[in-house]
Every structure is written in structure tokens, then in C-alpha cells.
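Student: Residues per chain, in single letters:
Number of protein chains: 2
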Amino acid sequence: MTIKEKIYELLEQEITPEVELELRELIKPYKEGSIGVCQINPIVGDIEYNARKIVKYISHATNIGLDVVVFPELSLMGYPIEDTIDRHPIIVEENIKWLSEIAKITKKTTALVGFVEFNPQKEGKKYYNSVAVMSEGKIQNIVRKLLLPTYSEFNDYRYFEPSKQVSKCENINGLKYGISICEDCWNNSEFFNGSILYHTNPIEELSKENPDVFINCSASPTRAKKEQLKHNMLSFIAKKYSTPFVYVNQVGAIDNISFDGSSRVFDENGNLLARAKSFEEQFLIVNPRKGLGKIYPLAKGLEKTLTEAKAYTLEYEPDLERTYKTIIQGIRDYFRKTGFERAVLGLSGGLDSSVCAVLLADALGSKNVFGISMPSKITSDESKNDAKILAQNLGINFAQIPIKDMVTTTTNCLDELFKTVETKWNGRYKESFTSDNIQARSRAMFLWGVSNEFGKCLPIATSDKSELYMGYATINGDMSGGFAPIADVPKTKLFALAKWLNENRSVKNAIPETIILKKPGAELAIDPKTGKALIAEDALMPYEFLDEIIWRIENKKESYNDMLDSEFLYERNNSVTGKQKIEWLNKFYRRMSFALYKWSILPPSVIVDSRSINKCDYRQPITSSHINYKGLSEEAIEQKVREFLNN
Amino acid sequence: MTIKEKIYELLEQEITPEVELELRELIKPYKEGSIGVCQINPIVGDIEYNARKIVKYISHATNIGLDVVVFPELSLMGYPIEDTIDRHPIIVEENIKWLSEIAKITKKTTALVGFVEFNPQKEGKKYYNSVAVMSEGKIQNIVRKLLLPTYSEFNDYRYFEPSKQVSKCENINGLKYGISICEDCWNNSEFFNGSILYHTNPIEELSKENPDVFINCSASPTRAKKEQLKHNMLSFIAKKYSTPFVYVNQVGAIDNISFDGSSRVFDENGNLLARAKSFEEQFLIVNPRKGLGKIYPLAKGLEKTLTEAKAYTLEYEPDLERTYKTIIQGIRDYFRKTGFERAVLGLSGGLDSSVCAVLLADALGSKNVFGISMPSKITSDESKNDAKILAQNLGINFAQIPIKDMVTTTTNCLDELFKTVETKWNGRYKESFTSDNIQARSRAMFLWGVSNEFGKCLPIATSDKSELYMGYATINGDMSGGFAPIADVPKTKLFALAKWLNENRSVKNAIPETIILKKPGAELAIDPKTGKALIAEDALMPYEFLDEIIWRIENKKESYNDMLDSEFLYERNNSVTGKQKIEWLNKFYRRMSFALYKWSILPPSVIVDSRSINKCDYRQPITSSHINYKGLSEEAIEQKVREFLNN
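Just so you know, the protein sequences line up as chains A and B, in that order.
Going by this note's numbering, the residue at position 259 of the first sequence is 276; the numbering climbs one at a time, nothing skipped.
Going by this note's numbering, the residue at position 375 of the second sequence is 392; the numbering climbs one at a time, nothing skipped.
Heads up, some of the hints might be wrong.
For identical chains, the list gives no copy identity; a pair is met inside one copy or between any two copies.
[Stated by the list, open to error] Taking lysine-lysine pairs in the DSS-like style, the calculated list, with each CA pair at most 30 Å apart, reads: (1) Lys596 to Lys573; (2) Lys441 to Lys401; (3) Lys307 to Lys535; (4) Lys436 to Lys394; (5) Lys48 to Lys139; (6) Lys311 to Lys441; (7) Lys124 to Lys317; (8) Lys143 to Lys596.
Keep in mind that the hints were calculated from the coordinates and are not lab data.
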């Protein structure tokens, strides 16, 4: 066993004083420029909780004798803290107090700890997003973030003042470290072909001092295709400046955002030298100038795509393991950090609830999950049976309770009420979805009942992304819950994920094949044409087509007309008339406009895709439902302006 | 009648070609420097709708022969358009096409129209927030916004690039106009005693060219106490630079945000010369250099407070008319702009639902409101009676339907389910709020049923701000609905508002006095001590105390310890022991932490207060529920750090 292997074997163990001593010996040849990478999972705003971890790792690093120990962005506070620091400035005062006490325990090992700093000036925002450079019992210096991401899930500019000046490099035990914070390293014009958001490049500025190593403290969430982009970009920077790059990322989920960790180190040629685990807290020792590092595997598919081009595709295979881990971490951390332990969900025997059940069982432990089958008169025997088999396969708790009585009682009461309302109001729908919704809402009533009655239990919303786009989800019904695990997973990807789960979990084929094979449908209504339960695709459009629309809008920012002109993958394999395509596109935009409200009240979910409709990621006014997504020709507009002028 | 009076009388009429001709004559003495102020109510993203208004007013201004005609910020697109322009760039292309067609119809009158401009550079955000200066058939110039508000309800920096350079003054018919956009005028260091957000002051820059008039195109929402601040600030600027100031504001509500209009003009001495109506679309003609203007009244109380100091108080009286109009506009525009017309709400005979009913009747017309009394066995006869009388007084539709059958059926089903769950899970609550919630959720089921069954109808969530802070609202129950009218009104203000409504509406005393006199309580549970329905204050704390905590946190950013040290107004009039105060404060913070989830799924509401918990205004991670709001002493922290070090 080499020294390196021995070091990483020891790091897998609990770091006792004996292990520290052993490591202290082992790293001696690597001491100059040695760095402890602390990929921690903070609880946002729980400074004591975070401080405990920080103190622990500083202590390890000090006892082992590392030169530097590095934590992620805002590690003492947790990222993102959002508007909390504006309304409750006390927690900023607290993080300052904790920081100065932590500084006191530092010795020769320099610790880089992210914190919220008060802006000493009256002008500008109240706070800086900063990293304290601490050693010998003192805060030696402070590095401030310059580039403040304010898009998608990021809102840095809401509460942070951007630093105007790049900090000088830090001299630590004879080496120069160029320290930056997250977004500060994402603005290389050459890498992004000139399309950059900011007008300064902090890394370029730091490079002028010829640092020996770059260090970047980050809190960078996982999103589809981002792994590859990040890898390429960091590698590019290391190579461009011939300087090793140490990138320390936060891990763990905070509400809707899942951070993957996967902290990494590139050598001065841009080669990956070390990478921490994904979706796990880890303490890793590296030395980028002396070749000390270990590369932990990413998801299988991702390793493959790292070498591919940056193009977006609908091919899900390389992303399924990451999707799975992202959601698992999202569920687990939301429950743990809010103090919940158990989940209750409806098991319909359909794809959405089945996949949710698997994810919950894996995230919370099967004994902490209760699946409840709540059949109505429309529910088929097959569905009931599938739900039961699924529960058995997963080892989760299971109950079956028919909703017939509730639906009947509610329907009767409502019929009576409708008769009264009808005497005053016109516009009663003849064939409405009212009764469909009664079923969905009765089920949610049961789930919330269980959540209210049993401690630490949250009900689960099982809506998927395709159906949320179409508003094909019932308010106070299937889209109601304490958490929505698959709200950012489109239906076609859910099918792929279900197959992947069946193949890759230790218990194979937990999801009965019949669930994966049958056409999705909520079993809320009977199709008058067939006499069978209505199939969702008949009410909407083929899911392959629907999901491709979503993908084109989100990732390619295509418009209605762009899509009309593009050939869909679906069109290659199926004959679709121009009229049919227009009908589907029209239906999509019409339904999407009216779904905006539902997006606004969706429970916390976990963002998985490169773009989402999660309200922490994307905000569109509900009153914008009259947007003309098709646009008008210049001639038509000219004509209309003339009409307006004459009226 | 003076010329001025005649002008404003004509402007109250429909502006026919004859009226235009008459005005053309009348304004002759005021022509040089005359300005048409177009305070329009746009639909965000509905460019055709907005363009129609813009063309109409440009046409009027041109035919009347005004020098300039001015529209609010982003008037062609509507403000705020939010992330929509990122995901659907087509609407930006559309607004450009419309703008260039509108430019073609301009003649001698210069039109200032707000629009979203593409950033021609690859670097930076994709768009500018701009104003087009158009005349003689062309876009003559473009003014770009420099200061991008990104706090509270504002997110400008998410999608706009800040302009780096102040535009030159515009020469229009011999006069120099210094044009700016909204926030650009909110950064005067002297006025704000050095506490400013940005490092440049565009107005100061513009002043160096000695403009004859300042013009500011705004979209500035109404919030408590803002009217006074805005008045003082604009007056200050006009006086400081000895330059008249024309401030044109958007009117109308967009989702949660209500813009009050009240566009205004100050003369070069800082005196108010003109002010447009509040909460109404208006076309006003002014000439700040020749004393042409009319001051429409604000709310009564606000006129009074304009002269008072800027201190925050809990005194609601001056703010009730504004509160009323803000909510009315919020409801009306949300319904109109999303295509809904009718509302259904539960009438409990309590304060919240009663005030909501009045507001809905006034906003939508009483025939468009259905109040439904849904008594349970706990509901008192008095409450049932009050609900009915209220409906009669308002002339709204009314139905009564007992929820007994539904509650019984649901309770029976749930009891059965709980027995099964109990065999697997411990932690069943002995005396739970489960059954309280069944009542609230059954009612919501009825309301959503009516909404599903009858066209263009939304159910209403009646939760108030005090109870939302305490999480004292039922998910899928009273806090569920398509819109939440009073979610930003604390309970004590609701009492004041109820009295105000009874005194100031044309139909006096619509709300039965018994409703205002009785102690609030949801009538969901029986208090075992009294045998009567549980009173909310017993479960929470006195509303006066609760609302003062909220006010101190929101407006004064006080901490737990600050409040412990402050004397509450409530304490002056009531004897409160130190122990009692601590108990209430502890309860407040504990409940607030667990209410964060509920805030995240609150339906669209209308922001009324200077600060709110509306999710478009304030975002706090739900997983931050472990924040230690009390803080720790330095000694305690030092002690803990030492402990962490030794473990």
C-alpha cells in the first residue's frame, strides 16, 4: 500500500487522536502546501450546528499539521440564507461572534471559513459574502465575493454588496494562495466565448500575482449537465493560468436546492487530481503541487459525459444515478433539517406514486414510510394489486382504505350546494372535472389527517414535472403535501428512472413491471369512448412530445414558432400532421398559462433539471397569462397600431 | 371657471376629437413645456393590450399639441415581468416590434415609453430596462436604468444589466429634460443620511447639465408609510436642484403587488403642483414651469401623515383608506387580469371572513360573490346568524350547508385508518388538532368544488397576517384558495378596518357589531376549561401583543432580546409579568419557525404593509427553522467552541 493509499484509507475512518497522529506522519512528504478540503453539509442559519463541524475539522487539520483547511462558501451560516439576514440581523451578529471564537482556536494551520460580514460602510447593501483567513488565534484577513449570482436559484445581490476589489493573494507557509468565492471563478470570457455576465474576472486579477494555488470556496448546486460544464471550466482555468485549482463545494440540500459536493482539485495542467465524494460530507487531504489526491467516482453516466460535447439531449441514461441521488439527498435533508422523520403517501398503483415510494423508502428508511392505497370505484383491481406488491417489495408500511364513503358524502353535499348556487349563478359546467377532484382531495385529506395525527410525519405530493406544466394536478389533491420529490422530473424520465431503480437497487424489480408498462392515467374519470379509465395522454398529448416541448423551452429557449419549424424527435418516429402539431403546441401554451398559479403553491421540491418551474428558480407573474406566445408579424402589428389610432 | 379648471374638467370626460380640439386651444398659454402624464394600468406581458393604451394616449397628446407625453417604467411590457423574459425571449422581440411601430405614429409630441431592450453586448445580462424617446416617426434616443432595485418585491438585477452611464438630457422643443427611471431617483445620500444602496446618483449627474425639468418613469408599489417618504424625497430633490420634478407612476395590481399611481409633479421649490388620482388610470396634463397642475386627494389619513415625522407607529387610522383601496385593486386586477369574475368564500360569522366578504363585494360586485355558511356542531347560532345578516347587508349570494355529514364520514374513515397506522407507528397524538382540521378542510373542499363547477370562479383564502405568522391556519383549509385578500393585514388592523368599513361605505354597518365585538376564534374546537369554542388568543397570545412583535420585527428589525428590553404599548396598558412576556416571545419564535412552510404555499395575496411575509417579498429557507433567535453570549459561545474542540 502506498502512502497515498494509506492516507485515504485512514480518512475513511473516524478521525481519532491516534488517526491524527498517524496522518501527521504520513503527510510529511506532502506537508508543504497540504490542504484539508472540508466538504460539509450545513443547516442554514443553525450557526452552532455548523460551527461544531467547522471546529472539528479545523482541529483535525491542525493536529495533522496541514498548511491550510478550507470550508465552502458561507460555511458558518449555510448557503443560501436568503432574506433571513435582512429581517433578523441577530443571526449575522451571532455568526460574527462564533467566527471570532473559532479564530481563537486556530494555530499554525490556516483556516478559510465562509461567513456573513457586516459592510462597515453606510453606503451599499448591509453585508458582504466573505471568507475569513484565520491562523494563530486571529482573523488575519478577509476575502470578499465580487461576482454575485442573481438568477435561477441564486439571489446574492438581494442582500450582499459586491466587493469592488480583488483581494491580494495570501502567503501561507511560503506559498501564495489566490482565494476566491464561488461565482468569482465563473466569468472567464474565453471559456464562455464572450458570453459572460460580469465585467471583471477576479481569477484573471489574482493570476497577476502569480499564485502557487487557486482556492475557491463554493456553494454550487447540482443540475443536469452542470457537472460536465464545471469540470471543463475549472480544468480550463487551471491550465490557462498554469496554476493548480482547489474547488471546495458545499454538500447537502437546503429546501429546493441540492448541493452535490464533489469538491475537486486540478493540477497546473488542468488534469483532475482529486475529487471528493458526491452527495456526502467528506474531509479530504490534498496537495495539488505534490500530486496528493484521490478521485472518487461520480455517477457512472456522468463520468462518461464528461468527455462528451456540451450539447443538451433528451437522453436520460447518463443522468439517472445523479437524479436519484439528488432527490434522495433532497428528501433526506428536508426531513432531517426541519425535524420530520416519516412520510405518508397515497399509492395509486401508478408510476408517479410508485417512484416516489421507492425514493422515500431509500431516503428515510422503509419503516418510516406509509403507503396508503385509497381506491375509488374507478380504481382497477390491477392498480390495487400493484400498489400492494410495491409496498411489499419495498418493505414499507401499507394500508388500504376505500374512499367511497367520503366521495359519496361529499358528492351528495356538493350536489345540494350546487343546486343552490345554480339559482344565482349561470355557467355551471355540464361535464366537469369536479367529481374527479373530489377523489384526489379526499385522498389528500386522509394523508394530511395521518400527518396531523402522528408525530414527525409529512404527506407527500406526487405530481411530476410534465403534469405540472400542463396544470394536470389537483390543488389540495395530488399536488398537496409537505414535499414534492419528483416535481422536477418529466414523465418520460420517470419511466427511465423506474427501470433504472429496478435494475440498480439492491432489491431488484421493486416496481412491478405492469406499472411501468401501462399508460399513465390518474384513474379519476372514465373515458366515455372506451368505458375505461381515462388515459392522461388522451387528455394531454403524447408524453414524448410534451417533454420535448418542455426541454426545448427550458434549455433552448425556443418559441412557439421555433418549435413549429423544428423537427421533434417524436416526429422522426411517429407520423404527426402539421395540424396535429399545431393543436398540441396550442394546447401546451394554453394549459401552461393557466398552470402558473399551481406552480406558485407547489410545496418545496428538489430541483433536478438544468431549468425548472420551481418557484425558487423561476418566477412568472400569474397575471401574465395573456402573453401571446406565438407573436405577430410586423405587418400585423402595424395594422393593429393603425386600428388603435383610429379608435 | 379658470382655464386650468376647464382643462381638468375636460380631462374627466371621454377624450373625443372635439375635446382634443378644445384642449388644444386651452393649453396654448401652457404649451411650452407641457407634459401629458399617462398613469396606465398595464397587463404584464400582454403587449398588445398595453400598446393599445399607449397609442391612445400618444394620439391624444399629439392632437392636443403637448410637448411631451410620458408613460411609466416598462409601460409596454408591464412591470414586473420577472423571469418570463429569460425563458420566453419571444415577448421581448415582440415588444421591440411593437415599439418601432408605435414610434412611426409619433409626430411633434415626444413620447417616452418604457420597454425591455436587448443588450447589444454579449457581456452582461441580456436586457436593459429602458425608455424610448420617440418623435417624428422615430426612436430618437434611449434612456437606460442605472440603479436596479433587488430587494423586497424587486428583482431587477435578475434580468437587467445596469447602465453604466447616465444619459444626456433630452432637448425637446427648446427645453432640457433630465430623464431617469424609477430607482434612479432613490439614491440621494443627503436625503437618506448617507444610508444609500448604490454608489452613483443619476439625478446628481443629470443636474450637471442644468435640465429645465426632471422626468422619472416609475413603477413604484404602494406600501404602508411609503407615500410620505416618497413625497418628502421627491420634494427634496426638486428643491435641492431647483428643478421641477415630474414623476409618472404605474397604477394597478400585478399578482401580489399593488401600484397606487398618484403620479406627481413638484415645482422647482419642492412644492407639490400636481398629483394624479390614486388607484385609477388617468391622463393628466401638467406644465411644471408654468404652474399648470391639479392635486387630486390621496386617502384622507395619508394627507395628514404627509406632514408628520417618518416614525413608524401602530396607529392604523391614517392608513385604513389606503389599505382598503390597495386590497380592492389587488382583488379586482388579479381577477380581471387572469380572466376570473366571481368569488366563493366561507362565511363563518367571524372577523376574517366578514372583512373578506366586504372587500370582495366592493371589488367584484356583490352579485359576483357567493358566501357559504358551513356550520359544524361547534358553530354557535350567533355565528350562523351573523354570517347571514352580513350577506344580506352586502347583497351577496348566500347559502348554508352543514358540514356534519362530511366531518362524520371523514372522521370515521380516518379513525379506521389511524388504527391501522397505529399498529406500525408510535407517536399518535392523544389530543390532536386533527379533527379541527377536518372541519377546515371539508369547508375548503366545498369551496373548490364550487370553483370547479362554476365558470370563472375562484375560492378565497381568508387567513390574516397575525395567524399566518403563528401558523394558525389550516393547510388545504382556510389558507387554501385562489387569492388571499387579507394575508398582509394583522388582526388588530382588521378590527380597525372593519369599523372603518362600517363607517365609510355607502351602506353603513354592513358588518354586524357582534362580529367586531366578539373575541376571534375559529370555532374548530371546544375549550375543555370553559366548554365553549376555543378563543384564538388563549391558544396564541393577546393580538395586540402579537401584532406588536410582528411590527417590531418587520419595521424595526428588533431581535428577541431587543423586544425583551423594550416596553411594548401593550405593557403600558396591561400588567404583564416578565415571565409572561418571555413565554409569549418564546411561543412567537417557535411558532413562526414552523410557519415558514405555510408561507411558501400561500396563494397570491396583496402586499399592504411596509414589510410582509408574502413570498414575492420575503424569502426564508424552511430548513432554517433551527435558528437561535435569542442568540448566545460571547462567553457561552467560547465555552461551546471549547467543548466542540474536546469532543
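Student: Confirm or reject each hint.
Tutor: Do the hints match the structure? See the list:
no.	hint	verdict
1	Lys596 to Lys573	within (23 Å within a copy, 60 Å between copies)
2	Lys441 to Lys401	between (42 Å within a copy, 21 Å between copies)
3	Lys307 to Lys535	neither (56 Å within a copy, 77 Å between copies)
4	Lys436 to Lys394	both (25 Å within a copy, 23 Å between copies)
5	Lys48 to Lys139	neither (43 Å within a copy, 44 Å between copies)
6	Lys311 to Lys441	neither (74 Å within a copy, 44 Å between copies)
7	Lys124 to Lys317	neither (41 Å within a copy, 65 Å between copies)
8	Lys143 to Lys596	neither (56 Å within a copy, 34 Å between copies)
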